[in-house]
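J.: Chain by chain, the residues:
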Amino acid sequence: MADLEINAITKRFGGLVAVNDVSFSLGCGEILGVIGPNGAGKTTFINLVSGVYAPTSGRIHFKGRDITKMPAHKRAQMGIARTFQIIHPLENLNVRENVMLGFIFSRRMGLPEARRSAEALCDSLGLTGLDREVSQITMLELKKMEIAHALGNDPSILFLDEVMAGLNVDETKELVALVQRIAKEHNIGVGVVEHVMSVIRDLTHRVIVLEAGEIIAAGPYELVAKDPRVVAAYLGGGA
Amino acid sequence: MTRALRIAIPAIVIAAAVLIPFVSGPYPLAVARSVLIYMALALSWDILLRSGQISFGIAGFFGIGAYAAALAVLKTSMSPVLSILGAGLVAGVVAFLLGFVILRLRAVYFSITTLALAEIFRVIIQNGGDFTGGPEGLVLPKLIFNGEAKALYWMALATVLLACMVSMIFQRSKLRFALTAIRNNELSARSSGIHIFKYLMIAFVASSFLQGVIGGIQLQGYGFASPDSVFDSYYTLLPLAMALLGGIYSTPGPILGAILLGVAAEYLKLKIPYGHLVVYGIIIVLVILLMPQGLFGLYRKRMKARASDGERAPGAERASGAEVRHG
Amino acid sequence: MTGPSLEKDSIVTDVSRSRLRRSLLWGTLGAVVVVALLLWKPTALIYGVQRAGLYAAVAIPMALVLGIVHIVNLAHGEFMMVAAYLAYFAARLLGLDPFIALVPVAVVMAVFGLVVYLLTIKHTLKAPELNQLILTFGLGIALSQTVNLMFTSQSWKLSLNYVTASATVGDLSFGVFDFVYAGVAIILAVGLKLFLTRTRFGKAALAVGQNPRGAAIVGINVDRTYAIVFALAVGLVGAVGSVFLTKQAIFPLVGGPYTMKSFCLVAMAGVGNIVGVLFCSLALGLSESIINSIRGYAGWSNIVFFAIIIGTILVRSFRERKA
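Chain order of the listed sequences is P, W and H.
Position 105 of the first sequence, counting from 1, maps to 105 under the numbering used here, and the rest follow consecutively.
Position 250 of the second sequence, counting from 1, maps to 250 under the numbering used here, and the rest follow consecutively.
Position 62 of the third sequence, counting from 1, maps to 62 under the numbering used here, and the rest follow consecutively.
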């Protein structure tokens, strides 16, 4: 039984259809890649899953419950977490405090316990120097912090929105290994929106391809990468 | 700052504040009491500010509190002390009800709405006929504590301590995490499981409750409330400037700003009969441009810089697997 | 290429159809109100339109700033007040009629606005929005209190003979001068619309308003655009201030309510919708004048705008919930 079930989700903004009749499912421990050219609707997609947008039509089920109408903060409390494409690390809160948020508000821990848990989590991710301001940390540490922040919610589903952007080869490798480890250890279903194909190839079990708000292909990366429709979507030109 | 100092300094300050009535003449005492009123208002304003919402409506809830206290005493013969509490409750309830509508708004829409609120309340009270005393206002038969200056001062001091307590609760508990997260980025806050409306409401009601209590104290101390006097935008402008100058998002900041500007205000009022408020406008502009974190914020930054200098020493950070590059 | 969704063809018709429907609804409601007033209380209609003209004239420059520079100038009304005082001195000391002084006053105010912008507002554009709000709030206080300092809080008024002009229609007699405000508003609206859509700078300004980064990429000097637009807006509201002086009393705090009402009108009409401001002003002016004419409730007319803005907010937020 898949944990996250998306059924015929459509999102319309006025006359513009950003996501059109998308259906898929994601189970715990699975890593799903979401790829597609720019403007294909990937971020809208994540926003629909995490509750930032309400779908115009369609249903979302999480662990059997219909969460279509559930507001974003409740979804986070229930265990759907995500990172942001333009990272909005909360300033005026240092690294540790940023990570503590999910523990405090989704897991409803008291401050001391949240602090200990946040520190333990950061430790397991290799994130140190928790007293620093967010502006003082490196790019890789920022990504780790974002992931840690999302993990604070104790998620069963985690969507990573282009989290590899801006990292060099070594850093990307480290983060890929980290995501794999997290998915397995915490039994989380991970959705990875990415542009870097090597990451998708190494990390994901299967892939869905979005174009103009619709799924045009789905399956393991090797098959999808060769699909002529997918190639055309990225390179343009008629099919 | 060592633990001992952190307890000693506030203790000394409070002790000094308590003793002021014994060492000052009537005029300085009145000034000090006035400073305390504005100090409490500044603290109340800062509490809501921490959520990222600027209220220009301090005078509105202050005025509601004053009238609630006056009506409680005049119409129900409530004891003055109880009426002050009632003032806060009325203001809090009004804020709670209004909150469902106006807390949907953000940024400038919210702020302008609060700006209009004071005017709205004023007009409603002014047109309230005999019940609210209309444009002439209400007069109490007697002042609380018989108008004894020392008692009035300590009453104001107690209110400031209350405001400090509320402010510190907001700074030490998970409320601080919630409000700071909301202020910085609402989407991100939501994704941390924070129910934005709930925390905005808590801050708004707490802030308005305090303003109502302070209005009640003002009323009991002067025995008089009229639409033009208690809804005066003075009660919005001064606390705002004080909190800004002293340092927003903190408890010591508004206190510091109130002392500095409150004393200066008295001096200015004597020297400049018309338009002495221009100084507040200029101060607000200068602080925002040059020193938005205020005096206390500057102090905090310096403390943090000194602390992190110590952290950069080798061995202070545990070795991590990855190479650490200072970006 | 994978077929685009069928909806894409109907993007234009979908949006414009709902907007058309809405405009028709409001239009008919407005027409009904106007006709009712004409029959029942024509003076209220006239007074309402005149009031609306004044509100619109003050609000349109704010719409310009909000739409392009995206800042709310809480000192907007105070700039108008300063201009009115300038025009007052032009009248008293130089004998200039405010309509003649309008141009030099507008120019002086534009320069003043530019200076203020370069010294203060420009530096808060990158900072959190909170800073701009507080900054312009402080500016407003500084301006009104400086005037208070220099000229006390006494209210001044010119007594020009042409402002008492009146006309008689049937057995109805009313002042006609106040229609000049509506005239100014319409000139401003039309003038700005033409300026923004026909001139090179205007088009560039529109582009900056919609997408500053994109505009910068195609070579538009965004900083300079902001500065000029702000100065222009202050100049325009200065011109309105000069006209304001002809019939209204001026005092240091006179600008405050106009800032609030301007903002409410611009918010109601939707950012960037200059023509919409005209209609919303009409709604506000008529509502106020209707309340004013009801005996015993005249004192409430000043907060009509609040009721309207709350209503707009509620309606908008309910509409968003459904989306």
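Simulated from the structure, these hints should not be mistaken for lab results.
Among the hints, erroneous ones may be present.
The calculated lysine-lysine pairs, modelled on BS3-like cross-linking and capped at a C-alpha distance of 30 Å, are [claimed, not checked]:
id, chain 1, residue 1, chain 2, residue 2
1, W, K301, H, K157
2, W, K142, W, K75
3, W, K304, H, K126
4, W, K142, P, K74
5, W, K301, H, K193
Some chain W residues judged to face chain H by a derived CB distance under 7 Å, without partners named [unchecked claim]:
id, residue
6, L103
7, A107
8, L270
9, Y274
10, I288
Computed far set for chain P versus chain W, every beta-carbon distance over 10 Å [stated by the list, open to error]:
id, residue
11, T10
12, H149
13, R201
The beta carbon of each residue, even a glycine, is placed where N, CA and C say it ideally should be.
J.: Check the structure against each numbered hint from earlier and tell me which ones fail, lowest number first.
T.: 1, 4, 5, 6, 8 and 12
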